[in-house]
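Chemist: Work out the full structure, taking the sequences as your base and the hints as a guide.
Residue numbers (our numbering), protein chains in the order written: chain A, 1 to 268; chain B, 1 to 135.
Some hints here could point you the wrong way.
Distance condition first, Cα-Cα at most 27 Å in a straight line; then the derived BS3-like pairs of lysine-lysine [what the hints assert, rightly or not]:
| id | chain 1 | residue 1 | chain 2 | residue 2 |
| --- | --- | --- | --- | --- |
| 1 | B | K47 | A | K60 |
| 2 | A | K64 | B | K47 |
| 3 | A | K63 | B | K47 |
| 4 | B | K118 | B | K63 |
| 5 | A | K160 | B | K47 |
By construction, these hints were calculated from the structure, which means they are not laboratory data.
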Amino acid sequence: MDKTRQKMKRMLEEKTVSAILGLRLNDGHPVPYLFIKPEDLKDWVPDETNRYPLTKLLIKIAKKHPEEVIGVVVRGCEERSLVELFKNFQLRKEKVKVIGIACSQELANRCRCDRPFPSQVEESEIAKPVEDFSDIGEIEKLPEEERFQYWMRQFGKCIKCYGCRNICPACFCPTCTLDDPNLIKPGEMPPEIPIFHLHKAYHMADRCIDCGLCEEACPMGIPVRRLYRKVRKSVKDLFGYIPGEKEEEKGPLEFLGEGTYELLGAGK
Amino acid sequence: MNYETILTTCTYCGCGCGLLLEVLDGEVVGTLPQKDHPVNEGGLCIKGWSAHEFIYDEGRLKKPLLRKDGSFIEFSWEEALDEVAARLKKIKEQDGPDSIAGLTSARCTNEENYLFQKWMRAVVGTNNVDHCARL
Chain A
1 MDKTRQKMKR MLEEKTVSAI LGLRLNDGHP VPYLFIKPED LKDWVPDETN
51 RYPLTKLLIK IAKKHPEEVI GVVVRGCEER SLVELFKNFQ LRKEKVKVIG
101 IACSQELANR CRCDRPFPSQ VEESEIAKPV EDFSDIGEIE KLPEEERFQY
151 WMRQFGKCIK CYGCRNICPA CFCPTCTLDD PNLIKPGEMP PEIPIFHLHK
201 AYHMADRCID CGLCEEACPM GIPVRRLYRK VRKSVKDLFG YIPGEKEEEK
251 GPLEFLGEGT YELLGAGK
Chain B
1 MNYETILTTC TYCGCGCGLL LEVLDGEVVG TLPQKDHPVN EGGLCIKGWS
51 AHEFIYDEGR LKKPLLRKDG SFIEFSWEEA LDEVAARLKK IKEQDGPDSI
101 AGLTSARCTN EENYLFQKWM RAVVGTNNVD HCARL
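Modeler: Quick look at the structure:
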C-alpha cells in the first residue's frame, strides 16, 4: 500500500486536503484517526480485519468544520456509503476527497461482497466480485413457520444495545424510530420482536450498502446482515434499485420527499 | 481541527470491554467498540455505547456536597473526609462494625477496589463489602 500512502502524503503536502481520515496503528491496534501532518502517515494502516465506519465518523468532523476539505480512505462498501451520505445531504461532495483501497480476495469472500473495491484505487490488484446469496437461500428453503421461528429465536437474543444502528454508515437521522416510545415500548428486553428489527430493516431497505458492520457489532451474534441482504435484494428485484450505486438516483422508498429527515448536516 | 480516538476500558461493569472515545477538538464526542479487543470483539452493550455521555452531564458531581437543613452545600474534600470519618467512628462505637457496609464501584480501578475491601475488613472490621457490578 506504499502507492496509496504516497498519494495521501502528496495530498496533505500540496494541501488539496486539510486532513485525511483513516486508520492509525496505536500500540498495535488500528483505530480511526485524522491525519493532519504528512509525517504521521507512517502509522497509517490499511487494516482489513478491523473495519470502522469512517464515513460516518466523518459526518461529525465535517459538521464542525464545514469549510475544510477532508480526505477519507474508503473500501468499496464505504464508497457506497458515501454515495448515500451525499444523496441525503449528510456530507458535501466537494468537501470530501476519496482515497480508494481494494479489499483482498479473502475479505471479499468472507464478506460475500459483489463489489470489493471502490471506483479508483492506487494499487493495481483488485479482488474478484463475489455473487453469493446462499446465506439467504438457506433460510428461504425453510417452510414459512420454521423461517419465522428462526428469526424470532434470533431476535429474542437482542439486548437492545443499538450497536447495529450506531455503527451503520448509512444511518444518520437525528430522530430515530427505534427511540420513539410510541413505536418501541421503552424498558423491555428483548425489545418488542420482530417489530424492532423489522422497523430497522424497512428503514434501511433502500439505504443499506451491505457492509456488514452491523452484524460485526452485534454482541449477541444475531445475523442481522442476512436480513438486510434479503431486503436489499428485494429492493433490487422490485425496483431495480441498488443503494450506494448512483448518486443521482433517489431511493424508491423515500416517498415522503426531500426534507423528511430534517437534516441539519454539513450538506445543503 | 483535530480528531482522534482513544483506546480505553469501559468502566460500567466487571467485563472490561475495550472501547474508543472519539475526541474532536479536545471534546469527547462519542464512543466506538474496539474491534480487536479480546473481550468484546467489536461489540458493546447500551451502557458501553453511551460511556462518554456522563462526562459533560450537568448532573455530574465534581465536589463533595453536605446536606444541611434539607439542601446540599459544597465543601472541601478535607472537611468531607473528616465528617465521614467522625460519623463512621461514632456508628462503629455505638453499634459495632457489622452495622456498617461498603458498596464500591466499577468506576474505580481494581487497585482502588482492593484497597476499599481491605479498608472495610482491616480498619472498619466487617465483611459487609459489595460492588455495584455484581451482575
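Chemist: For each hint, tell me whether it holds in the structure or not.
Modeler: The hints, checked one at a time:
Pair hint K47/B plus K60/A holds up; C-alpha atoms about 21 Å apart against a cutoff of 27 Å. Between the alpha carbons of K64/A and K47/B the distance comes to roughly 26 Å, so the proposed pair stays at or under 27 Å and holds. In summary, the hint linking K63/A to K47/B is supported, as the alpha carbons are separated by about 26 Å, within the 27 Å threshold. In summary, the hint linking K118/B to K63/B is supported, as the alpha carbons are separated by about 25 Å, within the 27 Å threshold.
A C-alpha spacing of about 10 Å is found between K160/A and K47/B, which places the hinted pair at or below 27 Å, so the restraint holds.
Figure legend: structure checked against the earlier numbered hints; every hint is met.
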